[in-house]
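J.: Model the placement of chains B and C on the given structure of chain A, informed by the hints.
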Amino acid sequence: MEDKNRANQSMLVMKEGSFTAFLKESLKGISQIIYIENTITGLLILLAITVSSFSLGIIALLSAMIGTLVAKIGGADRTLIRQGLMSYNSVLTGLVLQTFLTGPTAWIVALVGAAITAIFTATLMYFFGNVGIPILTLPFILLTWFTLLASYKLEGIKLSDSLSPQSLANWELHIEGKINLLQSTFNGIGQIFFLTEAIPGLLLFIAVFWASTKMGIYAVIGNVVACVAALALAGEHALILLGLYGYNAILTILAVSVVYNTKENRYAPITGIVAACITVPLMASVSIWLLPLGLPALTMPFVLSTWLILGARKILPNI
Amino acid sequence: MEDKNRANQSMLVMKEGSFTAFLKESLKGISQIIYIENTITGLLILLAITVSSFSLGIIALLSAMIGTLVAKIGGADRTLIRQGLMSYNSVLTGLVLQTFLTGPTAWIVALVGAAITAIFTATLMYFFGNVGIPILTLPFILLTWFTLLASYKLEGIKLSDSLSPQSLANWELHIEGKINLLQSTFNGIGQIFFLTEAIPGLLLFIAVFWASTKMGIYAVIGNVVACVAALALAGEHALILLGLYGYNAILTILAVSVVYNTKENRYAPITGIVAACITVPLMASVSIWLLPLGLPALTMPFVLSTWLILGARKILPNI
Amino acid sequence: MEDKNRANQSMLVMKEGSFTAFLKESLKGISQIIYIENTITGLLILLAITVSSFSLGIIALLSAMIGTLVAKIGGADRTLIRQGLMSYNSVLTGLVLQTFLTGPTAWIVALVGAAITAIFTATLMYFFGNVGIPILTLPFILLTWFTLLASYKLEGIKLSDSLSPQSLANWELHIEGKINLLQSTFNGIGQIFFLTEAIPGLLLFIAVFWASTKMGIYAVIGNVVACVAALALAGEHALILLGLYGYNAILTILAVSVVYNTKENRYAPITGIVAACITVPLMASVSIWLLPLGLPALTMPFVLSTWLILGARKILPNI
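Protein chains in written order, with my numbering: chain A, 42 to 360; chain B, 42 to 360; chain C, 42 to 360.
Just chain A, with the same shape it has in the complex:
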């Protein structure tokens, strides 16, 4: 009986009427990257990505659809699928692989990566469900790292030349460079989706404010606070300008102060700002830790900082 239901459910995807539903679920997969379950926000984000690069836009939409489809075929809980929670990691994987890979097979690898990310999302959901902690963007991060490393031994996966593994013994720090806080802020939100231009940044802010003014304000605060912290700790100005010290802070402050907090966490707004600041040294550490392998930090600093607080709250309920 249950089996039959599931079979029907799979078939429903193909029906005409439900294609709109399927598209909506996929767009929610895009908006869930910033914790928002909203078709319009998803559409605005997709627009921001497409404005920056047409092919990235296509990959983003296809990855969302593939992630949703894998979850459906696998028989995931319908509510999870409908909220876009099974596919947002697939979108990120598709985007990042399309950005970092090159050659004629790049888009195949990106889309296969998006499909495996949907399976991996389920795996980590199960493991972390046991401890009651959200998986955030971990599936996308780990799958991307594995795929980028695999390229060194498989000619079928071709890296664009933007990765450069380097021995830490040869590392030298140069922090000089121009700073423009406004530009850093737009780049900060853009970097969540691997974008670094003003127009897509603006569209992304609109996408967030459309869904929730509170989230929009927190996003700006987290971003600015992290840039100031990075300046105070004397980080590289070039990276601050590119928004690379801001995107983790945005995701973190939203998670800590808006999405995963309860009434009990009375200092949640302050904790969110502290957590946003903590992403700055974490970004530095994770980058150095990955230096010998030449991997990008992605949103790992956000994941670590957010888990730090969400886990600690079970023992320190006030924060």
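Among the clues, some could well be false.
It does not matter which identical chain is meant; a pair holds if it fits inside one copy or across any two.
As the list claims (entries may be wrong) - Listed next, the in silico DSBU-like pairs over lysine-lysine satisfying Cα-Cα at most 35 angstroms (straight line): (1) Lys199 to Lys355; (2) Lys199 to Lys255; (3) Lys255 to Lys65; (4) Lys304 to Lys65; (5) Lys355 to Lys219; (6) Lys304 to Lys219.
Treat the hints as calculated values from the structure; they're not laboratory data.
Computed from a prediction, not measured in an experiment: that's the story for all the values here.
T.: Below, chains B and C without anything else, positioned relative to chain A:
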């Protein structure tokens, strides 16, 4: 009362009659490496190892006995011991350390390693028991990595010269080389036990088919599928020929499609083939990730690919 | 109602009478580093640290107070705070960052690090609480590694020149050097607190014996056994003399044979000695594993060896 029972149980090991039982348990420890609880299969595997190298055969049997003994002294559940589940990791540790180490103390290190692996098996069984996921060969993998690294700082543990740590910045990929799919297949099953010859490979296939035709067929399929995937992704031909892209796939397809699946997982055969293919990029990634330390990937790709599916099944029951 | 209680509790810290209580809790935070809940032991350890370096003594006390304060503000369980269990990791972080960092901001980083360690302690307590395994010194270890790595990319965090990342390919082992077992023993207990002199070592032994003769005797045994094991495995004599093969063994044998064992673990004294020996190859492995990043092993070998046994005991109750 319970204490007394345990004491008696320990003494029983020494009694004459129970030595046969003890030997059977140890042989099952050898067969459990490929999920089989069968004395004859264990004996055939031991024969395959001994044909390839007499000293490896001795170490394999002694490691199985040591692992079983440690579990008995520690007071492990008798059923677990009887099924060989407490000692298969010890066998693998003994084999790999004997292979990678040299000097007069190599066999002592191998046997002490086998003993500690039995303790470590218990540790990980407890940790993973909480999430309901099998530990597979993780104890052997981690213990081997730790031991090989320790050799750099302790002259008492001597590496044979087969390890060569290398900076990723200096890495160059050359995929050229001959390919022979039949030879790759025999080497693939052999590599599970660190063997690379035709006769031992043949004996190992007989050992699997003896216990279960279904498992034998899946083993062949997984092996061939992975070799084809490695060719399609343009991996190094020399490694494919050595069976290094096959052994993880065999263990993975058996775990996913034969051993740990339930009726609910209706796509289990297809999922097994997909999981076997996923071991190929995983093998590449894990190797590159370990390159700066010069460590072998061992069966880590199998462990990761199998956990990916077994965890995901709790959320995606169809796969 | 509960909220009000917590508010009152926070205010109490400020009251005159309770400052003594607060100081006691902080001193217990210092003594808990070696599993002891005893104000006098805490005071003796603080004295040992201060004798070695006045500024380290100040940092130790301030870190303990900060850790305790963060736990109070966060609303942690009062019993945990009173026993010093929320702050001992903060003390270690303060000490190690003050030791490894330099420049005018070093002490600020050390104290902020101590504060974040208290939050991180709560996080890991929650995660490990689920599996029933103590967190030991893990929060301090991970936070220190992250902070030291961050220094490479943030000029505001300045490393003293004692770290030197090195490619494993260039590593050469030289074990020659003088050995003095008595000096090694005093250095061994000192290294727990990053000290390497005879007088502080002596004071630390007094601190342990004051609280428990049994613990004192085990500390000596663990230390000596590990030094002998390191000699037998032919480790670098210079490191043995500095106590670097001893401090992990002390913490491990105390954990395994005195603190976390139950009546059921009938071989606990022997298991403790085995676990102390296992810290020796673990120290070697962890050091080599961290070599490319130039990080110190800290008490990671102790954590791993202790978890090995504590986890295994759930399956092997006799050990």
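J.: Confirm or reject each hint.
T.: Hints versus structure:
no. : hint             : verdict
1   : Lys199 to Lys355 : between (44 angstroms within a copy, 34 angstroms between copies)
2   : Lys199 to Lys255 : neither (42 angstroms within a copy, 38 angstroms between copies)
3   : Lys255 to Lys65  : within (24 angstroms within a copy, 43 angstroms between copies)
4   : Lys304 to Lys65  : both (31 angstroms within a copy, 32 angstroms between copies)
5   : Lys355 to Lys219 : neither (42 angstroms within a copy, 51 angstroms between copies)
6   : Lys304 to Lys219 : neither (42 angstroms within a copy, 62 angstroms between copies)
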